[in-house]
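Enquirer: The listed protein sequences correspond, in order, to chains A and B.
The opening residue of the first sequence carries number 1 in my numbering; numbering runs sequentially from there.
The opening residue of the second sequence carries number 1 in my numbering; numbering runs sequentially from there.
Don't take each hint at face value.
Capping the alpha-carbon separation at 27 angstroms, the derived lysine-lysine pairs in DSSO-like fashion look like this [what the hints assert, rightly or not]:
#, chain 1, residue 1, chain 2, residue 2
1, B, K140, B, K31
2, B, K28, A, K8
3, A, K8, B, K31
Don't read these hints as lab results, they were simulated from the structure.
2 protein chains.
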Amino acid sequence: MANSGLIKDGWFCEVNDKSFPGQGLALKVDKVLYHSKSEFQDILVFKSSSYGNVLVLDGIIQATERDEFAYQEMISCIPLFAHKAPRKVLVIGGGDGGVIREVVKHSCVESVTLVEIDEFVIDLAKKYLPGMACAFDHHKVKVELQDGFQFLRDAATRERYDVIITDSSDPEGPAEAFFQQEYFELLNRALNDDGIVIAQASENVWLNLGYIQNLVKTARSVFPKARYCYTTVPTYTSGQLGLIVCAKNESVTLEHPVRSPTPEEQSQLKYYNPKMHTASFVLPTWAHHQIYR
Amino acid sequence: MANSGLIKDGWFCEVNDKSFPGQGLALKVDKVLYHSKSEFQDILVFKSSSYGNVLVLDGIIQATERDEFAYQEMISCIPLFAHKAPRKVLVIGGGDGGVIREVVKHSCVESVTLVEIDEFVIDLAKKYLPGMACAFDHHKVKVELQDGFQFLRDAATRERYDVIITDSSDPEGPAEAFFQQEYFELLNRALNDDGIVIAQASENVWLNLGYIQNLVKTARSVFPKARYCYTTVPTYTSGQLGLIVCAKNESVTLEHPVRSPTPEEQSQLKYYNPKMHTASFVLPTWAHHQIYR
Numbered sequence: 001m002a003n004s005g006l007i008k009d010g011w012f013c014e015v016n017d018k019s020f021p022g023q024g025l026a027l028k029v030d031k032v033l034y035h036s037k038s039e040f041q042d043i044l045v046f047k048s049s050s051y052g053n054v055l056v057l058d059g060i061i062q063a064t065e066r067d068e069f070a071y072q073e074m075i076s077c078i079p080l081f082a083h084k085a086p087r088k089v090l091v092i093g094g095g096d097g098g099v100i101r102e103v104v105k106h107s108c109v110e111s112v113t114l115v116e117i118d119e120f121v122i123d124l125a126k127k128y129l130p131g132m133a134c135a136f137d138h139h140k141v142k143v144e145l146q147d148g149f150q151f152l153r154d155a156a157t158r159e160r161y162d163v164i165i166t167d168s169s170d171p172e173g174p175a176e177a178f179f180q181q182e183y184f185e186l187l188n189r190a191l192n193d194d195g196i197v198i199a200q201a202s203e204n205v206w207l208n209l210g211y212i213q214n215l216v217k218t219a220r221s222v223f224p225k226a227r228y229c230y231t232t233v234p235t236y237t238s239g240q241l242g243l244i245v246c247a248k249n250e251s252v253t254l255e256h257p258v259r260s261p262t263p264e265e266q267s268q269l270k271y272y273n274p275k276m277h278t279a280s281f282v283l284p285t286w287a288h289h290q291i292y293r
Numbered sequence: 001m002a003n004s005g006l007i008k009d010g011w012f013c014e015v016n017d018k019s020f021p022g023q024g025l026a027l028k029v030d031k032v033l034y035h036s037k038s039e040f041q042d043i044l045v046f047k048s049s050s051y052g053n054v055l056v057l058d059g060i061i062q063a064t065e066r067d068e069f070a071y072q073e074m075i076s077c078i079p080l081f082a083h084k085a086p087r088k089v090l091v092i093g094g095g096d097g098g099v100i101r102e103v104v105k106h107s108c109v110e111s112v113t114l115v116e117i118d119e120f121v122i123d124l125a126k127k128y129l130p131g132m133a134c135a136f137d138h139h140k141v142k143v144e145l146q147d148g149f150q151f152l153r154d155a156a157t158r159e160r161y162d163v164i165i166t167d168s169s170d171p172e173g174p175a176e177a178f179f180q181q182e183y184f185e186l187l188n189r190a191l192n193d194d195g196i197v198i199a200q201a202s203e204n205v206w207l208n209l210g211y212i213q214n215l216v217k218t219a220r221s222v223f224p225k226a227r228y229c230y231t232t233v234p235t236y237t238s239g240q241l242g243l244i245v246c247a248k249n250e251s252v253t254l255e256h257p258v259r260s261p262t263p264e265e266q267s268q269l270k271y272y273n274p275k276m277h278t279a280s281f282v283l284p285t286w287a288h289h290q291i292y293r
């Protein structure tokens, strides 16, 4: 196991001169549980003193046990409740299992395909983030160990999905292609006519609004409708993470749910509710103007 | 000028074992502009590499030039636009001038009284945060250098306000009294019948939900209506800060504005808009249940 150069004096510090210069987030480390470099990325798992176990890929916090539900629920529920009857769902990335855990809760969903390039992440999540990696054996779930981009190129000739969720890491490194026009085109081709896609936007309005503006523009060059929304996560830099959501059909309303959770579904949701769906699309005035001008 | 023990290796680190154990926020320091201990608190001002000048009181970031408007606009606009005709406004604390800068923008407001205990803060803001401290000479503004608590005790026998904004520091130290029942009682007495008060709640749902729950309970023991809302600020721990807003009259709706900004007013607002007003009261399901159960 490699030594973690990211931990100093007992604290993990997330610092990134390119993505968020001059700003850092620190979590106190109780114990390093795992650290190595896989074929695709640097993987660190540590037990924090106040956020449970923490998964870090290439120096960036991906999930902590205490707050991960805020991201997993929102990236799953927003497209699923904006869709009138989602049955077939595709998840690109998301090897920690958090997104598929959320998707299988939805009674109308019949199948979820997870495409993850790095089996290491799945294995580590099963060992160190068992609360997230609890749905891999669910009868609705099928796992494909493959590059998401390549999967979509192949899948586009045969499969169509109602909802596609891109749960990638940030656009620097192996996930870079997930933020470009060709990827949106592949998503579009893999969607049913009333389909919806959502992707983590890697940024938020406080950090890199120009990037979000360009991402929405790129998405709009392919989809008739593309919107930015966000979720709050205290262990992501600035405390929030943006999501970009697109509809293949212009008449689909993304900003408001078309269905409500059943009482059984709502009882399993700690973050999402129909009012939160709508609120997550409301942006500060300056950010709204810059993104949608 | 004292040396700042809060800065290590060129970074200011906000760490507080009591309020947010195991979690820290770091800003890169270009230059320390001021550091001393006044009669009331430890005051640090530094130029950061990416957030402009930063004011720190007792080790806690109070404001940065880049993101301060998110807090100042929301703590001012929410009570002012929830009130049908606010004319007389009282600000307790807020010596940096950010709140009064916002309040004087509202055309219906006739007078703003600022009560600040620490003149040092006002002088420093004028020097190092001139964009915030720009309204002290405004014709609507009157400054009282006094303890806010004592001012309210005296004022309660003579003055009544439409909106009272408590812009205090956190409840540890000199501001502790601003978070207790006696303070809410004084606020209630100093309000006109349709008056609204708002206070920074010092916490957010991710950090100390139990504290917020108790604060809302305390406020409700005095006011017929008390609600929690929040604003996002990337340089506050977890990226958001809660606000508690209370109405003296039960029929007042706090969660939605009763008036819209005039075009002139909206053109000066970078964060607030009527949709944001409503969205700021929408909480994650678990937090809503715990605060309002």
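Enquirer: Determine which of the earlier numbered hints do not hold for this structure and return their numbers in increasing order.
Expert: 1
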